[in-house]
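K.L.:
Make the complex out of the two chains shown on their own, each in a separate frame, by following the hints.
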Amino acid sequence: MTTTDPAPDAGAATQNTPTLAARAENALKVYGSGDTEVRALDGVTCGFETGRFTAIMGPSGSGKSTLMHCVAGLDTLTGGAVFIGDTDITTLRERDLTQLRRDRIGFVFQAFNLVPTLTAAENITLPMDLAGRKPDKEWMDNVVSTVGLGNRLNHRPSELSGGQQQRVAVARALAARPDIIFADEPTGNLDSRAGAEILDFMRQAVTDLGQTIVMVTHDPMAAAYANRALFLADGRIVDEMDDPTAERVLDRLKQFGE
Amino acid sequence: MFTLTVRGLRSHLLRLGATALAVVLGVSFMVGTTVLGDTVKAGFDEAFADVNLGVDAVVRSDREIPTPFGAERVRIDATVVQQLSGEPNVAAVAGQVRRPIRLIDTAGEPIGNPNAGPPTFGLNWSEVPDLNNWDLVAGAAPTPGTLVLDRRTATDANISVGDSIGVDIASGTRQFTVSGIATFGEIDNFAGAPAALLSTAEAQELLAEPGTFDWITVAGANGIDQAELVAGLSGSLPDGTEAITGEAFSDESAGPFRDFINQFTTFITAFGVIALFVGGFIIFNTFAVLVAQRMRELALLRAVGASRGQVLGSVLGEAALVGVVASAIGAVAGVALAAGLRQLLDALGLELPPRPLALESAAFILPVTLGIVITVLSALLPALRASRVAPVEAMGAAAIDTSARSTPRLVVGAIAAVGAGVMVAIGWSAEPTRALQLIGAGLVATFVAVTALGPLYLRPLAGFIGAPLRAITGITGQLATENARRNPARTSSTTAALTIGIGLVTVIAIAAASASASVASATQRSFTSDLIVTPDSFLGLSPQVAEDIDALDEVDVATGLRFTFAGVDQPSIGPQGDPAVPDGGDPTLGLGDLRGATVLGIQPDRIDGLVDFEVTSGSLDDLTGATVAVSADEASKLGVGVGDQVTLSFQATGEQSFTVVGGLRREPVASRWRLHHLARDVRCQRAARQQGRPAGADRVRPRGGPHRGSPGSGTSGCRLPHRRGCRPRRPHRQPCRPGRPERGVAVRLACAVAVHRPHRRGEHAVAGGVRANQGDRSAAGGGHQGPPDRGDDRAGSHGDRHRGHRAGPGHRARVRRGVVRGADTGRTHLQRAVHPGRQPGGHRDHGHGGRSDGRAVPGVAGQSSGGPRRHRHRMTAVAHQAPAGSQTPTGSSAPARATTSHHHQEQ
Ligand SMILES: Nc1ncnc2c1ncn2[C@@H]1O[C@H](COP(=O)(O)OP(=O)(O)O)[C@@H](O)[C@H]1O
Ligand SMILES: [Mg+2]
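Quick note, the sequences are listed as chains A and B, same order.
Each residue of the first sequence is one higher than the one before, starting from 1 at the first, in the working numbering.
Each residue of the second sequence is one higher than the one before, starting from 259 at the first, in the working numbering.
Where hints are given, some of them may not hold.
[Claimed, not checked] Listed next, the stretches of chain A that the computed footprint assigns to chain B, with coverage defined by at least 3 CB atoms under 8 Å from CB atoms of chain B:
hint : stretch
1    : 190-202
2    : 217-226
3    : 243-250
[What the hints assert, rightly or not] From chain B, some residues computed to sit far from chain A (all C-beta separations above 10 Å):
hint : residue
4    : ASP308
5    : GLY493
6    : GLY498
7    : THR665
8    : ALA729
Bear in mind the hints are in silico, worked out from the structure with no lab data behind them.
Cβ atoms here follow ideal geometry from the backbone N, Cα and C, with glycine treated the same way.
Okay, chain B solo, but in the shape it has when bound (with noise of 0.2 Å):
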């Protein structure tokens, strides 16, 4: 019997290897995902517990700020430093800062593009060996006005002990000499990410707030036990921090890696398995034509004794055969996919730690079992029938298909389509995750339906689509016609790949559509200006840039709009201390735990016509520095209203409290890069472990405040046109260079500039927006550090407390070309003025602030130019809910560029 199937197979091979190769690919996507998944995940674990080796325990905030990048932390106290210290059990206590930053070489090039692949990190060197685990290969350690840098980017870029390198940071670009490089253990640096190490006083100064640390790493005495150390702090830390073990603080720190790789695995594993679900129809068409074909040998054997048992299994055992042969050489295929994919992964930036592949039984159980039993499942109603076959047909007759009538191919058809219908109408209206379920599941239930319903319109339908055809072809168009009716079952297997393939593209493709057409009509809604300036970097652009796009003359208006993230207490205080949360918030935060918020701050004076914030109470004429205006959405999670007191919890000046002033009828943005923030981190923590600061927790964003990472901002490194053309061509595990963009968002904290110019729009609705506090108070001159800035995040202090410093950030802010539209002459001045000397080709433009035309913007195009500034328009934070994820009100992954409102949707 065996001898049976094995021949049976081996004479309609060709046709059951093209059978098997949706197997074959379902198999090897599952496998390869999964092997790539635990082999990322491993090697995240191990490097983690690498960086943070000597760490027993972490001190820090315990006031975590979701973000839509993932979370942060309020900045801890640096005189809990030396509280820690006199603590027993304690060997060695140490505060880190960590911020990203960008370099700029000898040449007055960025270094690495802080928007693409690993961002850059600027740390502190810790002057406590033990817990410092980076070692001089040569020079010293920092000094104020020097930092240590690590190997690679020093081999990269060509420098070594002695140079001077800039440091750009929120205030702007300060001078340094290279007093040493560093690696980490042996490694050159961590997975890329170029690390700069300023002396901790200046790296408190400059990357984070005198006085401050983003969290605390303790050495315990010897052999103290991780936890028992950790026990022993707890009672004396002071309130509002917390400790956590080495350990712990580690596998939180991999933490949003494997969320990462967890999500990046699971979109391909869908994949796997659209390809096995449409394995499974191929399958069950292969094997229907062969059991048709076979139908007398079957009664042949049915004749000579063979039992209905013994003619199923000879069929299914040659769908398991094919099952396992070809779930094996997905396995197989698998692994190779896995390498494959991690060198993918490398070249797209995401470069992971080098570990040979991890290869656990468990990722291929799953998988090849699936295949298995996916191809028998498929082939056991041909084999069914195949068992049903009359042993006299072995005289006579071939077999007559009876399938499009059989009773329960109707009623499968029937129920399937019900099924699918009900389905999707709950999904609907369901909460995302479940509608995403149902709804995926209703679409498998409704090619199950038209599939099993073939037979019923298959017949007329061939007729109709058919007609033209026999017109044309005559006897050829009829016969084909003909043939497509005949057997409407078989046709309408055999459709069933085709039509599950275009029904996957189609509603990929219409939920694409939908979602930019949603993101586009709430931006366009929102941004009545004619242009919006974005900047190239995440470190934003300087408040200069509105200010001096606001003088040019064609300009009528211009306003710059910041942003930053801050906690909102959870349940919230709500009005009078109302408990009760209406909306409710996220149900997976515990009491005390902060929910993310975005707050944007504008200057009201200025925002007329350029953003549209739809008041529904209140006035942001009130917006002052200690008020806010809230999205309904927002407001109704907190139950509060006009009057009302909102508390927010910013990372450099901890809680704030601020009076509600107005009410937003909806988010001026909507986000649509979740997914590129997600790479971001990746980048991020990875650049923190390569220094072995693993920064704040992995929740806790040690990148610093202001400036989150916009991937996609093409940056300094790759302007726009060229996006394309520096797409990975970077060999292998190299850190990122110039050139290779990063996808996503733009701005984390400052700004985008709305241009309104005249007479293209002779009215704007008075819009409201959130009012920016005209006096002022933390604004310009300050440097103060005194009355909190309000959630507003610390690009502009720095600015003001480092007057040195030149150009701020995003000065290589730039207005892309081709996205305005239309001939008019405010373009081309708009241009230079934010782009100075930058040539038709979009190059960038090395003469930083070099004047063109003669309107350049002084800081708007170069570090080297600028002199101190003035941040006149300091904006006020102004809290509103942005979903998460939402970053800039632009919504523009681009680089820094201007968008006509209009076209903004278009990019």
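The following block holds chain A by itself, in its conformation from the complex (with noise of 0.2 Å):
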């Protein structure tokens, strides 16, 4: 668990005095009532730090999804409260949220990344559009270089391997220089050979960018390329390791079933 101090100074972000890009205090999300009631969030507070890429670990309906699309905007608490940066998303209006979500969230989903009328290149830049911002050119090429997507650029999303479809997604993600960007399973639908690929280039989005990413996954092999790794279990943070190998998560996950 992160114990850092929960009112950092923008000012004061540097190396080594982490500061967190997002944070939630006592999140409690509760689905259904009664007989039904499911807490898929009960009473997590955590925080991701700048420049860091964490990894969300925890069996099959443990929460990870659900944490994540609280945390980055898409879903509301029940109870509890979620910062990014500074802003309590929880008090925001609608409009704001949305508009926080464009300009400081970025996000790689399992599937269905793209918007499949648009070429790669429009879905890259399309948060910058939607905001009616001009994409930063020099940042642009180094996005889509990095990407190493050349010439498909000006291909549907049809038109492209499923590896493919989720570099534009992470590209798309990085393009608008989000303060952090969300991933849930973003290899849950590739080979292990494309997976690789993506998380390879994430790493280095991470590494060489400075960007800060949170990935949800239940693979130990994802989770070896982050940072760090939390651990959820029944909706509760249950556990945390920094720079995670693949063994060592595999272990820690055991000692859940057990």
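P.N.:
In structure tokens, the structure reads:
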């Protein structure tokens, strides 16, 4: 569990004293009521450090996706609070929340990341187009060359492989230079090689570009790309691990089963 | 964002294309009819201005008699011409006569078809050059016994100067020599209406009344303003006349065309509006499906930062693009449609003044706006739904249909249902125009309710209807049924277009069926005779026909019936001058205006068992030349009863006073030919213009009194068996030819003959009817102008006056085969009698008056046979008000024929 000062000064953001790009405080998410009540998040408090790659691990149904959705402002909490930087998003109006997602958050989903009628390039600039902003040319070139799509940029998603699609999705998330990128099982639909490419790519974005990424996964191999892993079970954070490796993560996960 | 909209649109172009078709259709109908209307109206306005070139003022009677064909006016005394000549500022004065006639070519064939296409007009050749817009291109001006023909008619019928030509007028056929050929300025004739120009004196005598004109045209002295001229004249006009400017007269003359075109275009515009309405449902459905399909995509957009407004905008933008493109295509298609409709109207005989299409921006603004607005509005609900998608849905399950249970949907449905009920309930008893609006709106509301509430009943309904399907086809049927039930909202909107289509067709079918049923029952109730003989021409039947039929062995009794129109003072001169008009007349009429009434002339002593007028008071035995029986409806409008006086105005004789001697329960006639009449109006007016004789102002129906078109009476030109065949084959912009039937009503004046054969009907209720005046002072021997013809029109008296004439009008009467049913021998004889020499195929008999069976009736079949005739049973007019538009009690729109009363409604 991260125990950083809950109100870090923006100006104080340095490599030495890591600031939090996002955090949840006592997050509670309840689905249904009475007999059918499910506590998807049962008092989660956690933070995601700026410029680091965090993996959220846990068995199926443990609340990983729910946590991500709530922290990313895609869904609302039943109780508790979520901060993106200094902004308490639980108090935001719908309109401001949309704007926050657009300007400060990037997403990579497991599938169906791209608008099918737009080309890869158009998908990459979509958040900026929605905001009515011109993309930063230099940054775009940088991102695009890192993605390595080359001449496929003008193709529609249906003309790209799954791995290419996910790379475009990551590029889109990076292009708008968001404060934080959330990825929900980004490699879940890919074969191991394509998956490894994407994970490499994300890792690179963190180390080379200083991007903050939070990734939900149940794959220990994927978690090994992260700087840190949080373990979730039954809607609670049960453990965390710095510089996880596949073996250590696998071991840790096996403990849940016992 | 715009890219997104355009891309989205492109990705489901096919589906949207089909959607847009309804909008294209709707917009093109609206644009097309408006453009056509503008064009035609402008064309007629221009043409009438040409016709009245040089006419600065028109003097005419101020007594306007409304008729189902438009208004006509009492004729004006010729002495007014001299009087006007003496007025200051008057340069020239000319009296004008116009009346429908029928021309018979050298081979004895009718020229043109008086009942189809433009009517043929008899006009006077004005001796005043300034007021005669005809130019002689061959020969000389007409003198008594000769006439000038328009060039097109002459060319078409291959007639040249010196040829002999027959003219059918009410009293019979007269031979003339063609003295000259004339054009109307550059034009050969006016919109295809044949014109024969007689010398003024002869025109007055044969076409009007000696010493009268239909109207008088006045040319002002140099530079005088028309209004000034009229103001100057008005002071010195004789009583009962009025003066209007030439411009006003032109404008008035174009009025009926405008009205007709407006009706025509309204009719077609209605289809456009319906198409748009149906289109709205289709668009709604399409977008609902599109949105449902794209839920994840839309949720993704929301997740990556698209606002609700942006999502809404992208869907609406797509709809707007569809609307704009479809409306634009519709606008272009509309112009093409206008051109096409013009050809169609031409082909139908409504030849329109040649003129480029009038493309006024107003014609496009409304339809295009409507097309776009309807498209966008229809997409609004799906777009709103799209904008409400939760961003998390990008990650998960497809949207579930919740609208079936949505409260707004139920509320809208309930309100629409209640609204529909209320509107129909109110509309049911409202006066016609409001009723139409209310019930129309109710209809729309019903569709909305049916669609909105679909989810409520579609599930069980689909289950019920699907049961046999399941039983027969097993799993396939099961799947189909379940699919329909699974998403009832979708099913409901999908079926909406079909619901509307079938609903409208049903409404129209029921309306048509009830209309014809009510006409049929009205006719059937009144006409108790076995057969009814109606003329094949609007010129009517000769009274002789009734006599001749009456003389047949197998006929027990036959009687003639005659019709004309009269104006009734409004508000009426009630009993003892009581000004109260109980049931009120027409509120649109001002004080002193006349209301139109149909006057029926009968022979009361022969009417028993033939026509049942259901006398409720008084007695028809008291009918004389100065008495009248009136229908209950008319009596209540006038506030009169037996013993009271009513004043009627007739075209030929002006005001006449009658004593009421009887009341009748109902009209013996009902009308269903209003449209045909309108069509006929157009033809007549057009013809008038072409001839440069804007006869009585447009409201004056200068076509002369007695005959009024019976569109439809197939006429000489076209026998019924050929009706279909002789539809507009003729090339564009040609005058009507024989063989082109006109639809509509029969007889203006003269008679339908009701026939009773013995041994068919044992007893007849003693029917009243209006009683003819036996003595018949104005009748047969007549020729006298003396005691006014009392509402009787002029056909008869013409006959009397011009004894040398051959067969009277309507000689081509015939019995329509196949209508008279059953094997009764009477039919054959009757048929022969009426139409001697007729071949079984129903072809026209050229041997007019020939006696193929020795029973031929002199004068009945030909204009070349038949001698002077006495109108033994001239009938006196009896007033009764028939609903506007009613013409003939026979209710016939077919060429002359006989029908059995019982089958009457079937024609
Ligand atoms: N929309 C929902 N309605 C009801 N329960 C839900 C919903 N979404 C998730 N849950 C429940 O919440 C718990 C956590 O789900 P989730 O966050 O998707 O788990 P994970 O992503 O770790 O597999 C699960 O028990 C799941 O069944
Ligand atoms: Mg999950």
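K.L.:
Confirm or reject each hint.
P.N.:
Here is how each hint holds up against the structure:
1. Under a criterion of three residues with beta carbons nearer than 8 Å to beta carbons of chain B, the stated coverage of the stretch 190-202 of chain A fails, only 0 such residues being counted.
2. Coverage of the stretch 217-226 of chain A by chain B is violated in this model, with 0 residues showing a Cβ closer than 8 Å to a Cβ of that chain against a need of three.
3. Only when three residues or more bring their CB closer than 8 Å to a CB of chain B does the claim for the stretch 243-250 of chain A stand; here the count is 0, and the claim is violated.
4. Its beta-carbon lying about 60 Å from the closest one in chain A, ASP308 (chain B) satisfies the requirement of being farther than 10 Å from that chain.
5. The beta carbon of GLY493 (chain B) sits about 77 Å from the closest Cβ of chain A, which is more than 10 Å, so the claim that it is off the interface holds.
6. The beta carbon of GLY498 (chain B) sits about 79 Å from the closest Cβ of chain A, which is more than 10 Å, so the claim that it is off the interface holds.
7. No beta-carbon of chain A comes within 10 Å of the beta-carbon of THR665 (chain B); the shortest separation is about 22 Å.
8. For ALA729 (chain B), the shortest C-beta to C-beta distance to chain A comes to about 39 Å, beyond the 10 Å cut-off, and the non-interface label holds.
Taken one by one, the earlier hints fail for this structure at numbers 1, 2, 3, listed in ascending order.
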